[in-house]
Amino acid sequence: MAAPVPWACCAVLAAAAAVVYTQRHSPQEAPHVQYERLGSDVTLPCGTANWDAAVTWRVNGTDLAPDLLNGSQLVLRGLELGHSGLYACFHRDSWHLRHQVLLHVGLPPREPVLSCRSNTYPKGFYCSWHLPTPTYIPNTFNVTVLHGSKIMVCEKDPALKNRCHIRYMHLFSTIKYKVSISVSNALGHNATAITFDEFTIVKPDPPENVVARPVPSNPRRLEVTWQIPSTWPDPESFPLKFFLRYRPLILDQWQHVELSDGTAHTITDAYAGKEYIIQVAAKDNEIGTWSDWSVAAHATPWTEEPRHLTTEAQAAETTTSTTSSLAPPPTTKICDPGELGSGGGPSAPFLVSVPVTLALAAAATTASSLMI
Amino acid sequence: MVPTAGEPAAGDSWGMLACLCTVLWHLPAVPALNRTGDPGPGPSIQKTYDLTRYLEHQLRSLAGTYLNYLGPPFNEPDFNPPRLGAETLPRATVNLEVWQSLNDKLRLTQNYEAYSHLLCYLRGLNRQAATAELRRSLAHFCTSLQGLLGSIAGVMAALGYPLPQPLPGTEPTWTPGPAHSDFLQKMDDFWLLKELQTWLWRSAKDFNRLKKKMQPPAAAITLHLGAHGF
Numbered sequence: 002m003a004a005p006v007p008w009a010c011c012a013v014l015a016a017a018a019a020v021v022y023t024q025r026h027s028p029q030e031a032p033h034v035q036y037e038r039l040g041s042d043v044t045l046p047c048g049t050a051n052w053d054a055a056v057t058w059r060v061n062g063t064d065l066a067p068d069l070l071n072g073s074q075l076v077l078r079g080l081e082l083g084h085s086g087l088y089a090c091f092h093r094d095s096w097h098l099r100h101q102v103l104l105h106v107g108l109p110p111r112e113p114v115l116s117c118r119s120n121t122y123p124k125g126f127y128c129s130w131h132l133p134t135p136t137y138i139p140n141t142f143n144v145t146v147l148h149g150s151k152i153m154v155c156e157k158d159p160a161l162k163n164r165c166h167i168r169y170m171h172l173f174s175t176i177k178y179k180v181s182i183s184v185s186n187a188l189g190h191n192a193t194a195i196t197f198d199e200f201t202i203v204k205p206d207p208p209e210n211v212v213a214r215p216v217p218s219n220p221r222r223l224e225v226t227w228q229i230p231s232t233w234p235d236p237e238s239f240p241l242k243f244f245l246r247y248r249p250l251i252l253d254q255w256q257h258v259e260l261s262d263g264t265a266h267t268i269t270d271a272y273a274g275k276e277y278i279i280q281v282a283a284k285d286n287e288i289g290t291w292s293d294w295s296v297a298a299h300a301t302p303w304t305e306e307p308r309h310l311t312t313e314a315q316a317a318e319t320t321t322s323t324t325s326s327l328a329p330p331p332t333t334k335i336c337d338p339g340e341l342g343s344g345g346g347p348s349a350p351f352l353v354s355v356p357v358t359l360a361l362a363a364a365a366t367t368a369s370s371l372m373i
Numbered sequence: 007m008v009p010t011a012g013e014p015a016a017g018d019s020w021g022m023l024a025c026l027c028t029v030l031w032h033l034p035a036v037p038a039l040n041r042t043g044d045p046g047p048g049p050s051i052q053k054t055y056d057l058t059r060y061l062e063h064q065l066r067s068l069a070g071t072y073l074n075y076l077g078p079p080f081n082e083p084d085f086n087p088p089r090l091g092a093e094t095l096p097r098a099t100v101n102l103e104v105w106q107s108l109n110d111k112l113r114l115t116q117n118y119e120a121y122s123h124l125l126c127y128l129r130g131l132n133r134q135a136a137t138a139e140l141r142r143s144l145a146h147f148c149t150s151l152q153g154l155l156g157s158i159a160g161v162m163a164a165l166g167y168p169l170p171q172p173l174p175g176t177e178p179t180w181t182p183g184p185a186h187s188d189f190l191q192k193m194d195d196f197w198l199l200k201e202l203q204t205w206l207w208r209s210a211k212d213f214n215r216l217k218k219k220m221q222p223p224a225a226a227i228t229l230h231l232g233a234h235g236f
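Chains A and B, in that order, give the protein sequences.
Letter 292 of the first sequence, counting from 1, is numbered 293 in the numbering used here, and no numbers are missing.
Letter 107 of the second sequence, counting from 1, is numbered 113 in the numbering used here, and no numbers are missing.
Don't read these hints as lab results, they were simulated from the structure.
Computed from a predicted structure; not experimentally measured.
The C-beta atom is built at its ideal place from N, Cα and C for all residues, glycine as well.
Please note that a few of the clues may not be correct.
Restraint-style ranges between C-beta atoms, simulated for each label pair [said to hold, decoys possible]:
# : chain 1 : residue 1 : chain 2 : residue 2 : range
1 : A       : Asp293    : B       : Glu82     : 38 to 44 Å
2 : B       : Glu82     : A       : Leu69     : 55 to 61 Å
3 : A       : Thr232    : B       : Ala138    : 45 to 51 Å
4 : A       : Ala192    : B       : Tyr75     : 22 to 28 Å
5 : B       : Val104    : A       : Pro32     : 54 to 60 Å
6 : A       : Gly40     : B       : Pro79     : 39 to 45 Å
7 : B       : Ala138    : A       : Glu259    : 37 to 43 Å
8 : A       : Thr134    : B       : Pro79     : 39 to 45 Å
Restricting the straight-line Cα-Cα distance to at most 16 Å, the calculated cross-link-like pairs of lysine to aspartate or glutamate (EDC-like) are [as the list claims (entries may be wrong)]:
#  : chain 1 : residue 1 : chain 2 : residue 2
9  : B       : Lys219    : A       : Asp198
10 : B       : Lys200    : A       : Asp198
11 : A       : Lys124    : B       : Glu103
12 : A       : Lys177    : B       : Asp84
To spell it out: a stretch of chain A is covered by chain B in this simulated footprint if at least three of its residues, at any positions, have a beta carbon under 8 Å from a beta carbon of chain B; those stretches are [stated by the list, open to error]:
#  : region
13 : 170 to 182
14 : 236 to 243
15 : 280 to 289
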C-alpha cells in the first residue's frame with residue numbers, strides 16, 4: 002500500500018539524518034596518547050566498544066587488515082619505530098569514529114652520561130649530559146648540584162639544551178661537589194651522579210688564534226704566536242702554561258715543547274722547505290688538566306727564491322745523500338726481485354722522497370752560497 | 007681512653023700540644039732577607055711560590071703514605087665525609103670576591119698565620135705517628151714547611167709588613183674536651199692533610215697575584231741568534 006512506504010522512508014531518512022548529525026556535531030575527543038616499548042606487544046581497545054562490536058581500524062588514514070584484530074581490539078606484535086602513528090577505529094557500517102590513539106614507540110632511558118668542567122676558573126663550571134642511546138620519545142632531565150650540604154643553582158645554558166652552569170661562590174674548598182642528574186620519560190627513569198674536587202675539573206679551552214710564520218732569512222725557523230683562550234677570566238692570578246707540538250706534514254712523529262710563560266715561541270730546528278703543522282694546548286699552571294689541542298696552524302720555513310733552476314745532474318747528485326736523513330727508516334722488507342720486474346731496492350719510500358729532495362737540494366746550495 | 011703503657015692519655019697529649027704551640031708563636035721570627043743589593047721583593051716572592059710547589063709535590067707522597075697508614079676509608083679516593091668543623095684548622099676556603107680584593111698585607115698575613123697553625127698541628131701528628139718511617143717523612147715535611155714560613159716572613163719584612171703576633175685567646179690551643187675517639191682522631195688527621203693540600207694550592211695562586219703586582223712589566227726576552235748559524 003502506498004501510505005506506509007513514505008512513512009518508512011521518512012523514518013529511515015530521519016535516522017540517517019540523526020546519525021549524520023551526531024557524527025558531525027558530537028565533540029571529537031582528543032586522541033588518547035599512548036607510549037609503548039619498542040619490541041613489546043600491545044592491544045588497543047576501541048574505546049568503550051564491546052569486544053564483539055564490528056569496527057574497522059585505520060592508521061594515519063590507511064586501513065588495517067582485519068587479521069590484526071581480536072574482536073574489536075587491534076593487536077600489534079613486536080612494536081617497531083614505524084608503528085608510531087595515529088590509530089583510529091570506526092564503526093564498520095556507519096563509519097562513526099569511536100576512538101583514536103596516538104601511539105609513540107620508544108624506550109626507557111639508559112643511564113645518562115654526565116661530565117663537568119671548568120674552563121672559566123675561578124668563575125665557575127658547567128656540566129653537560131647526554132643519553133648513550135636514543136629513546137625516540139621526549140625525555141626530561143633534572144640536575145641538582147650539592148656542595149657539601151648546600152644546594153647550588155645550575156643555570157640552564159641559553160643555547161644548549163643539555164648543559165647548565167654553576168657559579169663558584171667560594172674558592173679553595175676542601176669539600177667535594179656532587180652533581181646528580183635524573184632522566185625520565187613515559188616508559189622509565191634513570192639517574193647518575195658524579196663527585197669531584199674543585200681543582201680536578203679545571204680544563205681551559207684551547208689557545209686561540211695560533212699563527213705560524215716563517216722567519217725571513219732563516220730557513221730552519223718558524224715563529225709561532227697564540228692567544229690565551231678568551232673564556233679564561235683571570236690570567237694574571239691564574240696563569241696558564243702551554244704545550245706546543247709540531248711536525249712536518251710528511252712525518253708522523255711530533256716534537257714537543259713545554260712553555261711556562263709567554264704566548265710566542267720560535268722553532269729553530271725545522272726542516273728547510275717542509276710544510277709544518279703546529280698546535281698548542283694550555284693548562285693552568287698548578288691545577289687541572291691540559292686543554293684540547295688548538296686548531297692547527299700551517300707554515301713553511303722561509304726559502305730563498307731560486308736565482309736559477311738547478312740542473313738535473315746537480316739535483317740527482319745530492320738526492321741519494323740527503324734522502325736517508327728525511328725518509329723514515331726503511332722496513333726490513335724482503336724484496337722479491339721477481340715482483341718488481343727490474344729488481345732494485347725498496348721502491349715505495351724512494352718514490353715518496355723524490356719530490357722532496359729536490360727542494361732540499363736547492364736549499365742546501367742556497368745555504369752554502371749565503372755562508373750561513 | 008685507658009692509657010696504654012708508655013703512652014700519655016689523650017687529654018695529656020693535647021695539653022702538651024697546646025704548650026708547644028704557644029712556645030712556637032713566641033719564638034723570634036726568622037730574620038729578614040739579607041738586603042745587600044736589594045733586588046726588591048720580587049725574587050723572594052718567586053722563591054716562596056717555588057716553595058709552595060715543592061711542598062705540594064712533597065705532600066702528595068706524604069699524604070698517600072699517611073692515609074694508607076690510617077687505613078680505609080681514609081685512603082679511598084671516593085671518600086667524601088661531611089666536614090663537621092670540630093677541628094679548629096685554618097680554612098683555605100674563601101669567598102671569591104673577598105679573595106680577589108685582599109690587599110697584599112692581608113694576603114700575606116693569612117698565609118703566614120695559616121701555615122703557623124698547620125705546622126703546629128703537623129708536629130702534633132708527628133708525635134703520635136706509629137712507624138719510624140712516617141715520623142721521618144713528617145719531620146722532613148715539617149722542616150720544609152718551616153722553610154716556607156720563613157720565606158713568607160722574609161717577603162713580609164721586605165715589604166715592611168709586621169709579622170702577625172697572636173692575640174691572647176686566639177692561639178692554636180686545644181682544650182682537652184671529651185675523650186677523642188680513635189676514629190675522630192683519624193678524621194682530624196684527614197682534614198689536616200686535606201686543608202694543608204688546599205692551602206698550598208691557594209698559596210700558589212696568592213703568590214702569583216703578588217708576583218704580577220710587584221714586578222714591573224718585564225720586557226720580553228727573546229733570543230735572537232740572527233744569521234750566525236742554526
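When the hints from earlier in the document are held up against this structure, which numbers fail?
1, 4, 8 and 9
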